[in-house]
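> The primary structure of each chain is shown beneath.
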Amino acid sequence: MSSPAKAKPATAPMVFTANRLRDGRVVWLAAAGRWVEQVAEAAVFPPEEAAAGLALAQQDERAQRVVGVYGAEVALEAGRPVPVKFRERLRAQGPSVAVAAEPREAHAAEPREDHAKAEPRESHAAEPPAYRLAS
Amino acid sequence: MNALVEPIALPDPAFPPHARTYRYDEVDREFLQERIAEFSDQIARRLGGELTEDEFKPLRLMNGLYLQLHAYMYRIAIPYGILNATQLRQLAMIARRWDRGYGHFTTRQNIQFNWTRLEDVPDIMRALADVDMHAIQTSGNCIRNTTTDEYAGADPEEAADPRIYAEIIRQWSTLHPEFTWLPRKFKIAITGAPQDRVAMQVHDVGLVVKRDAAGAIGFEVWAGGGLGRTPVLATKLRDWVPEEALLAYLEAVLRVYNALGNRDNIYKARIKILVRDLGEEFRERVEREFARLPQPTYRLDPEVVADIAAHFAPPPFARLTDAPPAYAAALAGDAAFAAWAKQSVRAHRQPGYASVTISLKPIGGIPGDASAEQMEAVAALAERHGFGEIRVSHVQNLVLPHVRQEDLPAVWQGLREAGLATPNIGLVSDIIACPGMDYCALATARSIPVAQMISERFADLDRQHAIGECFINISGCINACGHHHIGHIGILGVDKRGAESYQITLGGSATNDAALGELVGPGFPYDKVTDAVETILRTYLAERAAGERFVDTYRRIGLGPFKEALYAGA
Ligand code: HEM
Ligand code: SF4
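So the protein lines, in turn, are chains A and B.
Sequence positions in the first sequence follow my numbering and run 27 to 161.
Sequence positions in the second sequence follow my numbering and run 3 to 572.
Honestly, I wouldn't trust all of these hints.
[Unchecked claim] Here are the simulated lysine to aspartate or glutamate pairs, EDC-like style, with alpha carbons at most 20 Å apart:
#: 1; chain 1: B; residue 1: K565; chain 2: B; residue 2: D533
#: 2; chain 1: B; residue 1: K59; chain 2: A; residue 2: D49
#: 3; chain 1: B; residue 1: K59; chain 2: B; residue 2: D30
#: 4; chain 1: B; residue 1: K59; chain 2: B; residue 2: E121
#: 5; chain 1: A; residue 1: K111; chain 2: B; residue 2: E471
#: 6; chain 1: A; residue 1: K111; chain 2: B; residue 2: D497
#: 7; chain 1: B; residue 1: K530; chain 2: B; residue 2: D497
#: 8; chain 1: B; residue 1: K530; chain 2: B; residue 2: E458
#: 9; chain 1: B; residue 1: K238; chain 2: B; residue 2: E289
#: 10; chain 1: B; residue 1: K59; chain 2: A; residue 2: E87
#: 11; chain 1: B; residue 1: K238; chain 2: B; residue 2: D279
#: 12; chain 1: B; residue 1: K344; chain 2: B; residue 2: D533
[Claimed, not checked] The following label-pair restraints were derived from C-beta to C-beta distances:
#: 13; chain 1: A; residue 1: V62; chain 2: B; residue 2: P316; range: 36 to 44 Å
#: 14; chain 1: B; residue 1: E550; chain 2: A; residue 2: A104; range: 33 to 41 Å
#: 15; chain 1: A; residue 1: V108; chain 2: B; residue 2: P524; range: 48 to 56 Å
#: 16; chain 1: A; residue 1: V62; chain 2: B; residue 2: S42; range: 28 to 36 Å
#: 17; chain 1: B; residue 1: A349; chain 2: A; residue 2: R91; range: 31 to 39 Å
Since the hints were derived computationally from the structure, they do not count as laboratory data.
From the three backbone atoms N, C-alpha and C, an ideal C-beta is built for every residue, glycine too.
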């Protein structure tokens, strides 16, 4: 996965995102080199520190913890980073259409994101009816 | 090499010395187990940090595993779109146990799971293998799964059963030593019916099975069709290739492509570019290669064909007559049933039987998605009423090919209970949509919510009937997985300075009168695209002559009136 943000020198504050190696879930680089599932908890790098942030993120790619590291521009809303580009906003929120929750059986003990459990979020005219039977 | 021709240059122990059938034999199973062991080991090494993503990516792509916007995505092969009830149940189990309880049926008659965890893939592969399924030939630059008519073996007009040849092509192409690393992916579609339901002309190779006056089987061969950023309709290479020469001829086409196809520029690598650039010379080169090939080596033995055909023998049909009283009474007595039957029930070659198309396009739903519960409901109905057989259509619906007409009311009830009886087959809400930006890493805009908005706008069935047959196809980027070029109304989502914008094409067609749609004008923002579709359909309704479908009116009056209606105030 690539993003134009990777190539160009940053002009806005940046966060760094990737997919977690073992399960592919979207993660964001946070303080102390942790990877978190909520963009709101991501570490924000001012433009002049973006290169250093990318290097930090790429260390974990080389260590085979995450895959497909790239940077995304953010704006700060109430002190929290929100991606500027629509693609990364979707990446942060999960699909804009109804998605069932994570399976219960196989991974019951593991922490999971709650973003996908939420109702559809985007602004299309009406909410899609819950057409899935028992999700 | 494979079973159908004698080994030539590259004998390979993985290929059996006899014909395989679509019911996998031991050799297939062994091969599958070897592949599972191999890919499981590669996954373990990836998880253990021994393989980098650069090293792992080509391996996972050979096994149907993509990395998408939110997660890994696993694409599972449904060879020529045929499933049995046991397999569909297993897909439901996989959806529930290792994914989020649903799957997405695609225009290539496969199924995708959107939330696969890398660490679960070995378990999923084993669960698939338990029912003779896998994810081979669903990605990478190989010959992909051959697609075919969802009514194969049931269609009253069919000249010959295309599944037989789809299976022969599967055997010939699976791991064909020469064709595992083609310049680019290669897609073959085959139909045995005069009515093209496989979008044959937008495939790398399209085949039409025909019979001559004496009843002998041969193939019309087309090549060089494709969608993506450069849509091209296929060129007919031959009117008639005799059955026994099918593999020799395909081999010749592939060899010319493999030798001359562009490997340097991914955008020019598909066979369509080669056929377009070479023109008549492409055909000549294929013919020369064909003449050069040792024909006996490639001869498709009639015994092998008969052997494979036996596996596609008709199910044990009962001797029945058409329009049994139970069906006639339900049609007369229940308007909702009649409305569904009108769109979903199709004539069958066997008296007293029908084919049922199951809409995976509920109003406001996600085109092609089915929940685990729905898959199980369909599997149960197939078992009870349809010899356990299910098909996936390239318009992302399911089909029960062989249902007794007298059972149709019960099938309808069962589908209704599962939320699968939307009576919209072939109407404006029967929309093809790719995953778009909601799932796809390559997308430039969303497609699913656009489909949802349009189907909600036209939810009223009377209105859909008034509009009549009209295919709306939506893709979330120029790769055209949602077939937008060949929709009567095609919608392509692009990124316009950071906002979603939707370009509309009109007049495309995926069938015998295949055509690429024409761009109607500047794109529309996300919240205006449904209005634009409505304007287009209102214009058509105002202009249409008696008996015309949308595409007929469009062909008669052209873009002008639609442009005017859409952009007059602008
Ligand atoms: C979500 C992951 C997917 C990725 C990364 C992907 C990628 C691509 C790419 C790159 C192309 C262009 C190929 C070319 O022009 O050479 C393409 C074409 C196509 N894909 Fe997909 N696709 C995805 C999903 C799908 C789905 C869900 C479907 C079915 C609904 C599909 C069916 C097709 C078809 C029919 C074409 C056009 C036919 C052609 O190859 O010319 N793909 N895809
Ligand atoms: S058309 Fe584009 S957005 Fe849609 S699935 Fe294909 S690659 Fe993804």
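> For each hint, tell me whether it holds in the structure or not.
Here is how each hint holds up against the structure:
1. K565(B) - D533(B): 14 Å, holds
2. K59(B) - D49(A): 15 Å, holds
3. K59(B) - D30(B): Distance of about 25 Å is beyond 20 Å: violated.
4. K59(B) - E121(B): 15 Å, holds
5. K111(A) - E471(B): Given that 20 Å is the threshold and the Cα spacing comes to 38 Å, the pair is violated.
6. K111(A) - D497(B): 11 Å, holds
7. K530(B) - D497(B): 15 Å, holds
8. K530(B) - E458(B): 14 Å, holds
9. K238(B) - E289(B): Roughly 13 Å separates the two Cα atoms, so the pair holds.
10. K59(B) - E87(A): Roughly 14 Å between the alpha carbons, so the hint for K59(B) and E87(A) holds.
11. K238(B) - D279(B): 15 Å, holds
12. K344(B) - D533(B): It is violated: about 28 Å lies between the C-alpha atoms, which goes past 20 Å.
13. V62(A) - P316(B): 36 to 44 Å: 58 Å, violated
14. E550(B) - A104(A): 33 to 41 Å: For E550(B) and A104(A) the Cβ distance comes to about 56 Å; the hint is violated.
15. V108(A) - P524(B): 48 to 56 Å: 30 Å, violated
16. V62(A) - S42(B): 28 to 36 Å: Check passed, 30 Å falls within 28 to 36 Å.
17. A349(B) - R91(A): 31 to 39 Å: 58 Å, violated
Against the hints set out earlier in the document, violations occur for numbers 3, 5, 12, 13, 14, 15 and 17.
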